[in-house]
Amino acid sequence: MSQEIAVVGSSEFTTGFRLAGVRKVHNVPEEEKDERLDEAVTEALDDEGVGIVVMKSDDLDHLSRQVRQRAETSIEPTMVTVGGGGTSGLRDQIKRAIGIDLMDEDEDD
Amino acid sequence: MAEDVKPTRKNLMAIEDRIELSERGHDTLEQKRDGLIMEFMDILDQAQDVRAELEADYEEAQRKINMARAMEGDVAVRGAASALQEHPEITTQSKNIMGVVVPQIESSRVKKTLDQRGYGLLGTSARIDEAAEAYEELLESIILAAEVETAMKKMLEEIETTKRRVNALEFKLLPELYENQEYIEQKLEEQEREEIFRLKKIKGKKEEEEKEAREAEMKEADKAAAKEPGAVADD
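For the protein sequence lines, the chains are H and S, in the order given. Counting from 1, one number per residue, gives the positions in the first sequence under the working numbering. Counting from 1, one number per residue, gives the positions in the second sequence under the working numbering.
It should be emphasised that the hints constitute simulated quantities derived from the structure, not laboratory data. Glycine included, every Cβ here is placed at the ideal spot set by N, Cα and C. Just so you know, not all the hints are guaranteed correct.
Stated by the list, open to error - Below 30 angstroms or equal to it, Euclidean Cα-Cα: the simulated DSBU-like pairs (lysine-lysine) are:
| hint | chain 1 | residue 1 | chain 2 | residue 2 |
| --- | --- | --- | --- | --- |
| 1 | S | K205 | S | K187 |
| 2 | S | K211 | S | K223 |
| 3 | H | K56 | S | K187 |
| 4 | S | K206 | S | K219 |
| 5 | S | K153 | H | K95 |
| 6 | H | K56 | S | K111 |
| 7 | S | K200 | S | K10 |
| 8 | H | K95 | S | K10 |
| 9 | S | K111 | S | K95 |
| 10 | S | K6 | S | K32 |
| 11 | S | K32 | S | K153 |
| 12 | H | K95 | S | K32 |
| 13 | S | K112 | H | K56 |
| 14 | S | K6 | S | K201 |
| 15 | S | K154 | H | K95 |
| 16 | S | K187 | S | K211 |
| 17 | S | K187 | S | K6 |
| 18 | S | K154 | S | K95 |
| 19 | H | K56 | S | K6 |
| 20 | H | K95 | S | K95 |
| 21 | H | K56 | H | K95 |
| 22 | S | K219 | S | K203 |
| 23 | S | K32 | S | K203 |
| 24 | S | K6 | S | K200 |
| 25 | S | K153 | S | K6 |
| 26 | S | K163 | S | K95 |
| 27 | H | K56 | S | K153 |
| 28 | S | K163 | H | K95 |
| 29 | S | K172 | S | K10 |
| 30 | S | K10 | S | K206 |
| 31 | S | K95 | S | K153 |
| 32 | S | K205 | S | K219 |
| 33 | S | K211 | S | K201 |
| 34 | S | K32 | S | K163 |
| 35 | H | K33 | H | K56 |
| 36 | S | K153 | H | K33 |
To be verified - Partial pick of chain S residues on the chain H-facing surface, computed with a CB cut under 7 angstroms:
| hint | residue |
| --- | --- |
| 37 | G79 |
| 38 | A81 |
| 39 | T91 |
| 40 | Q93 |
Using the sequences and the hints, build the whole thing.
Here it is, written out as C-alpha cells:
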C-alpha cells in the first residue's frame, strides 16, 4: 500500500514541503500551537494513509506529555523531526535499552 | 516459593529439567541481546550520518525558501506550492535483522522535473524552483531518516524486551528454581536420614526382641530341666 508524507506545523514551516508536493499538511498557527498542535499531530498519526509525519523539533515542546510520547515512539507512521537534532526520544530509548548514552559519546567525539 | 513445592523425586526431576531449559534459554537470549546490540551499533552510526545530512538539507532548504520569499514574496511562493500536481508517495517493504522486522521505504515522485511540478514556468522564478528542489532533497533525506530511525526504534524495543527476559530468567526464575531444587534436595536427604534412623531403630528393636525371645526360651528350657529330676538321676 502506498502512503504519503504528512507535515505538521506553522504555515511558514509547511509551505516548503507543499512546494515539494506534500499535500497532507496540518497548519497550526504559531500562537495556537499550545491548544491545537496535539489535535493536529494525533490526526496525522491516526491517518492510515500517512507513512511519515514531519515536524519541527521545537514544536514537540508544545505537545502534551502523552501525545509527545506517542509521537516519539510511533513506528507506523514514523515521526521525523527536523531542526535541532530531533532525536531526544530516541536518545532516551537508547539510554533505557542499552544503559549508556551512546549519542552523547558520539557527540563528544 | 520453595515451601509451595512438594518435596518429591518427581518434582525434583521436573525442576532440574526446567533449570536446564532456563539456563539454555538464558544463554541464547544473552547471545541474541549481544547480537542485537552489535547490529544496533551499525545502524546507529548510519543514523547519525543520515541525521547530520538531514539537518544540513533542512538548513539549505530553509535558506532557499527564505530567499524565494524575499525575492518573490510570500504570496508567490504559496501560490506555487498550491499548484503542485504530483505528490510524493512511499511504499514500505520489510527486511529481517535477527528476527526484528525493519522497514525498507521506497519512494516515488519525490524528485520532479520543472514541468512535473505543475506551477508553470512563466509565473514563477528560478528561486522558487531552487527552493522546491531543496525541499525535494530534504524529503529524500527525511524518508531515509524515517527508515533508519524506525529500524533503530524497532531494534531498541527488541533489545529492551530481550534484556527484560534475560533479567527475569537471571534474577527471578532461575534463583527460584535453584531455591526449590535445594529445598527438595534437603527435604529428600532429611527423609532419607529419617528412613535410615527408622530402619536402624526397627532393626535394633527386632534384635532386642529376638534376644528376649532367646532368653525366654533358655529360661523355659532351664525351668523344664529343673522340673524333671528323674531325667537328671537317669543321667
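Against which earlier hints does the structure fall short, listed by number upward?
3, 8, 10, 16, 19, 23, 25, 30, 37, 40
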